[in-house]
Structure formats: structure tokens, C-alpha cells
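Model the placement of chain B with the ligand on the given structure of chain A, informed by the hints.
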Amino acid sequence: MCLSIPVRIVTIEGGFATVSFGENTYRASLQLLEGMKPGDYVLLHAGFAIQKLDRQEAEETLRLIDEMQDLSDGKSGSDQ
Amino acid sequence: MDISKEFRERGRVDILLRQIRQEATEKYIFMEVCGGHTTAIHSYGIPGLLPGSINLISGPGCPVCVTSESFLDHAIALSAMPGILVATFGDLLRVPGGGTSLEKEKAAGASIIVVYSINEALDLAAKNKDKMVVFLAIGFETTAPGTAAGVLDAGKRGLANFFILSAHKIMPPAMRAVVEGGTNVNGFICPGHVSAITGSGIYGFLPDDFGIGCVISGFEPVDILQSVLMLIRQVNRKDPGVEVQYTRAVRPEGNPKAMNIMKQVFKVSDQWWRGFGTIPGSGLQLKPEYEKSDAGKVFPAPPQRQPVESLCMCGSILRGTHTPADCPLFGTGCTPADPAGACMVSAEGACHAFHKYTMSL
Ligand code: SF4
Chain A
1 MCLSIPVRIV TIEGGFATVS FGENTYRASL QLLEGMKPGD YVLLHAGFAI QKLDRQEAEE
61 TLRLIDEMQD LSDGKSGSDQ
Chain B
1 MDISKEFRER GRVDILLRQI RQEATEKYIF MEVCGGHTTA IHSYGIPGLL PGSINLISGP
61 GCPVCVTSES FLDHAIALSA MPGILVATFG DLLRVPGGGT SLEKEKAAGA SIIVVYSINE
121 ALDLAAKNKD KMVVFLAIGF ETTAPGTAAG VLDAGKRGLA NFFILSAHKI MPPAMRAVVE
181 GGTNVNGFIC PGHVSAITGS GIYGFLPDDF GIGCVISGFE PVDILQSVLM LIRQVNRKDP
241 GVEVQYTRAV RPEGNPKAMN IMKQVFKVSD QWWRGFGTIP GSGLQLKPEY EKSDAGKVFP
301 APPQRQPVES LCMCGSILRG THTPADCPLF GTGCTPADPA GACMVSAEGA CHAFHKYTMS
361 L
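These protein sequences, in sequence, are chains A and B. Just so we're aligned, residue 1 is where the first sequence starts under our numbering, counting upward by one. Just so we're aligned, residue 1 is where the second sequence starts under our numbering, counting upward by one.
So the derived list for chain A, only partly shown, Cβ under 8 angstroms to chain B, looks like this:
1. 3
2. 4
3. 6
4. 31
5. 41
6. 43
7. 48
8. 50
9. 55
10. 57
11. 61
12. 68
13. 69
Stretches of chain B that chain A covers, calculated by requiring three or more beta carbons in the stretch to come under 8 angstroms of a beta carbon on chain A:
14. 12-22
15. 236-249
For each label pair, taking beta carbons as the anchor points, the in silico distance ranges come out as:
16. 27(A) <-> 308(B): 38 to 48 angstroms
17. 43(B) <-> 23(A): 17 to 27 angstroms
18. 15(A) <-> 131(B): 24 to 34 angstroms
19. 67(A) <-> 268(B): 39 to 49 angstroms
20. 8(B) <-> 13(A): 31 to 41 angstroms
21. 308(B) <-> 70(A): 56 to 66 angstroms
22. 25(B) <-> 27(A): 47 to 57 angstroms
23. 13(A) <-> 252(B): 24 to 34 angstroms
24. 15(A) <-> 297(B): 26 to 36 angstroms
Everything labelled a hint here was simulated from the structure, so no lab data went into it. A virtual CB, placed ideally from N, CA and C, is assigned to each residue, including glycine.
Isolated chain A (complex conformation):
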């Protein structure tokens, strides 16, 4: 129910977007978001795009984790 899946906007027409995930496409309402364009990733929930996914933020989150690896490689045993 609270499941929302990340999908990519393919085309937009009349307040609805055709979105794709894996091999599937779906018609999603854009009523709850402003300024979406084809190529954007959004969260799809019960037929509505509810939020845009920010790729830069995603990369930043991943970078922080990857840095933990470098830290522990560099000075093992210390997490200060």
C-alpha cells in the first residue's frame, strides 16, 4: 500500500505521463507535481507521481558510503 516505485517519465500529455519501469509502462497522473519533464525519475504511488527523485542527492548518499570503505582501508581500526 505504501509501496512507491521509482519510474522514469517517457512522455507527458494532458496532465498524465507514460512512465516506464523495467519492461513495463504505466499511465501516471502528474496532478501532484509541478515541472516534470521526460527523462525525470519520479516515485509512482497508486497511480500518481508523488515526488521527483534527485540523482545528485542519490550520488552524494552513495559517495558517503563509499568513503567509509576508503577510510577503513586507509586507517583500519579507526573510525574517528
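Showing chain B with the ligand alone in chain A's frame:
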């Protein structure tokens, strides 16, 4: 590039697990509030990966699990009335109540149609002008804006034969109820998709009033483990706050457009939650100007019946005081194929997730 895949990568899971093992110096009980997290945690086998000192328990964030029997009774009564089509999310179909369920009634010929979105229910109303279509509106802040948009759309499209029966709920009062109910939870994994709509401000009372930390988390294994690590650090530092791990979807202000539509159509009301009873200010009902679309007002509820006695412990599980393994019916008198309680029906229910991913090991 599929962003989600990056958050499932084994290497990153290992980095986080190593860090968690290093930093987990105490005992920790973290509650994942959202049913989507419960499913993700069990499907990725996360409890088995974490050190034994970290206990993850489920909370009241599975919409189907917390829905009342009287709501289901009302929906079933409507489905038996001539001229009414009931449109519902599939998850509600199998919830047992009073010896029946929407699924059993549907098999016996009641007019119940499964939809994935309120937009399909609106199209049903447009195609069946001689019928009245009632959409069963359940879910939290993630789902309620869509319902609100649907109600506005019904007006714009002149669909006077479209109604909703609302059991919509909002999350913060239930989290307060968990804490006030006396829990030993020392951190919340907060619902990511609720927060994508509301923003991160709604949880401030947890650290401020109760000294309990919160991390708003995504749904992939790397997200969940990073959130666990962030909570461990909050506890170790004795510095509880509200942090966002799921920054790719959750902005501090949430989704203002969705919030505005929700506030335009709904007003806050009291709501009944399984496990808690009535929680003040925890529900959403249509404002007076939209009452003509309110099935709860237009089609009165059937008389309350005596609740059926049951050994089901779903209520205590939703409050975080028990786990599915404590229930005498778990796995014997209650299975996903033949559920005795709501927590075994929904894929997001703790009993269902526990059964599906633990019993098959
Ligand atoms: S196992 Fe079934 S009966 Fe027991 S608490 Fe869970 S849903 Fe209820």
C-alpha cells in the same frame, strides 16, 4: 542507470555491516514504522545480517493492518446494496472480519472491483452513470493526496455518482501513541514515502518531547542499513534528532502541491487504529463542502456488531510490544494462505513478512 540498483549493491551492504558491527556497542531496539520497510527488511534478510544486539521491530504503518472491522463491515454492506459498485485496492480484499471478507462477498456476487488507483475508480463512475461508485480510501499521507485529487476531479468531471469511504490516517499521532503506550524503542526508522509528501518536520516531537531519534529511510538494503547506522550513532552520541537518509526523495518541505491538495479537501479527525483504539486527530475526513462525495455521510454505516473473539495478537504487534512469533496462531492457525488476522493478509503486515521470509529458510 537505475538508481535503485546502486542501493542494492553487495559491496556497499558489506561496508555498512562492518561499520555497524564496529559501532554497535550497546543494545538497540529500532522500530520501522512503515509496512513497506517491514517487507523490505524481511525480503532482504536484514535481521539475519545484523548483530544480535540490534533488534528491528514493526510498527503501525501497514494501512490494511490498522483498518477497523467496522470500516470493512460498512464496505461490505455497501457492496450488497443494489446500484453500488465498490472499488478497492487489492490489499483490503482478504482481511477477515465478522466471518467474511470483501473477497468472499465478491465471490458470492457482490459488486466489488479491484483498482490500482483512484483514477480507475473515477473512470468506472464515468462509464457507469447508472451506478454509484464508492472508492475505499485507505492509506497514510502518501495516498491521501491522490484521493483528494480524485475527489476534486470527480467535481470537475461532473461525476455526481462518485463517492469515497475514508479511513485515511496520518502517521505522527500513531507514533506518539506508540511512545506513550510505553515502548522501549530507542529509535524510529521513519516512513520514507509519507515523508516525501510531508517533509521531515513532522517527527520533531519525538526527539524534542521523548528523546527518541529518527531517521527517514529509503527502501533498498543499503538505505535501511545506513539508516540503522545513523540511529546507532544518534544513540551512542546521546543526541537524538531527525535525520534524512532518503535525501533523493525527501526534501525538508516535502511536496507542497500534494500537501495543499490534501488540506484543501480533508480535515483532521479522530480515527480508530487496530491495536490502539481511537487516536485523536489521526484521521482525515472530507470537509463539509465535499460531503456530497462522502459515502460515510451519504450511506450510513450498518449497526455495530459484537467483535468476534480471536486469539490474534495483531494489535500488540502493531504497538511494538509483541512480535509475530509470540502469537499462538502464527504459522499454524494463521498463514498467508489462510489468514486469521489483518497482519497476515497484507504483504506489508509484520506476520505476513515474517512468515514469508522466515518460515521458508
Ligand atoms: S499470526 Fe495471524 S493471528 Fe497471529 S497476530 Fe499475526 S495476524 Fe494475528
